[in-house]
Amino acid sequence: MIEPTQPVSQAPSAAFDRQAAAARRTLISLKGVNKHYGDFHALKNIDLEVAEGEVVAILGPSGSGKSTLIRCINHLEAYSAGDIYVDGTRVQPGPELIEVRKGVGMVFQSFNLFPNMTVLENVTLGPIRVRGRSPGAAQARAKELLEKVGIAEQMYKYPSALSGGQQQRVGIARALANEPRVLLFDEPTSALDPEMVGEVLDVIKTLAGTGVTMLLVTHEMGFARHVADRVIFMEAGQIVEEGAPEQIFSAPQEDRTRAFFQSVLAH
Amino acid sequence: MDLVQTFFKWEVLVRTFPMLVQGLGMTIALGFLSILLGLIGGLGLALLRLYGPKPLRFLTIAYIDVFRSLPVLVWLVIVYYALPFVGITLSPFAAACTALTMISSAYAAEIYRAGIEAVPRGQFEAAQSIGLSQYRVMCDVVLPQAIRLIIPPLTSNCINVMKDTALASVVAMPDLLKQATQAQALAANPTPLIGAALLYLVVLLPLVRLVGLLEKRFAQGRA
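Chains as they are written, first to last, in our numbering: chain A, 1 to 267; chain B, 1 to 223.
I should point out that these hints are in silico values taken from the structure, not numbers from a laboratory.
All of these numbers come straight from a predicted model, not from anything done at the bench.
Take these hints with a grain of salt, some might be off.
Said to hold, decoys possible - Listed below are several chain A residues computed to face chain B (Cβ distance under 10 angstroms; list not exhaustive):
hint, residue
1, Lys44
2, Leu125
3, Val212
4, Gly243
5, Pro245
Stated by the list, open to error - So these bits of chain A aren't anywhere near chain B, every CB distance computed over 10 angstroms:
hint, residue
6, Glu49
7, Glu99
8, Gly105
Ideal placement from N, C-alpha and C gives every residue a C-beta, glycine not left out.
Pulled out of the complex, with its shape left as it was, chain A reads as follows:
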């Protein structure tokens, strides 16, 4: 349901076939993932595959396990059972975890910029320490990224001097600086004042067109509908329903999905 249909019908050259195959390659896969917090069963038998380049929005009431789900992908949360693979590597404690995290950027609800570093240092830390870039190369790349998210003039300031929207845009630049293949967004606009939500969503929208794989936990329904290739609806630790945005939003199959949209969109 998510595969682009046109490549198949077009006359295939060899090069084009490879491209199409790459576009459909599974980058993230979760099989039978369970997560418990003590007695609380936070994730129940989650199966999910995300193809390279796909943009997946995860919706659902708070406490439904959306954030827990994406936090398991880079192992900020340990899962209790099941398997998670990112690009063929199992996500588990150990030396390969660093490799997984290099390729998986994360943007947090509360930004979590490092307050003891300037904006530029925030963005260059990963490339220098993790990717082994020279400071010069890392800075040049960081400046490009900060330009892209519209914060270049602020790069020598400390995060505390920036507005929430600006801080979150730096957060996105920091995640991008490591050249990730996957970006995880954990409610990136939930902590923002309303007037700053737009500037952050604009940046995310631009990224969605660049081919980077994205998992986006959000309460911005309109945005999810507009930007996602696939929408997942979660409740009580389970994936209740998934599908193309049009289908999920205009013709949800499950009662629980309908009830959720009614309660959210009623206001």
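Knowing the structure of chain A, use the given hints to seat chain B on it.
Only chain B this time, still in chain A's reference frame:
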């Protein structure tokens, strides 16, 4: 007049001053070394307590609790007078330095731990999410923030160590207090004791003032 003649006899002070200065040198050397080793040891203990393997974690907790409960003087006397019975004989300086370091590192460990725990979870997560190793998460992100928070209590702890150096006179180390009591006996006049007290103040009063300033500065910085 009598009071001045008794407690602040100028000739006595002048005569014994070189002795006092020698003692002060010892006191500062002992204090500085114990503080430095205590700060390093404390950080190690705090990290072991927070992130070490379970058995080591419990050992560390036991160490920290024991050495925060034990009076410095008691431990010092044990190190100097009791350890020779098991074949460990330390010079007065080494004994004093060992005892002070062991106790001050226990206090410093608790201060570091409080500082590390005060760094928000999100900071650890952000650092981990970009792929930093545990070591890098600590050095680049957590400790710079934690140490900023704990500079006032850490400085306070250093002042305590510096004051506790006076206990070394009990194990015959020629520190400032020991030199002063000897000078007092030689001169048959308590002036050297007053002189020693003044020298302690010269060293420690500025540090006490500094803690006040630091606390004020960091309180503003966080507002």
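Evaluation of the provided hints:
1. Lys44: violated, 24 angstroms
2. Leu125: holds, 6 angstroms
3. Val212: At about 16 angstroms, which exceeds the 10 angstroms cut-off, the nearest Cβ of chain B leaves the hint on Val212/A violated.
4. Gly243: violated, 29 angstroms
5. Pro245: violated, 27 angstroms
6. Glu49: holds, 22 angstroms
7. Glu99: Contrary to the label, Glu99/A does not stay out of reach of chain B, its closest Cβ about 8 angstroms off (not over 10 angstroms).
8. Gly105: violated, 7 angstroms
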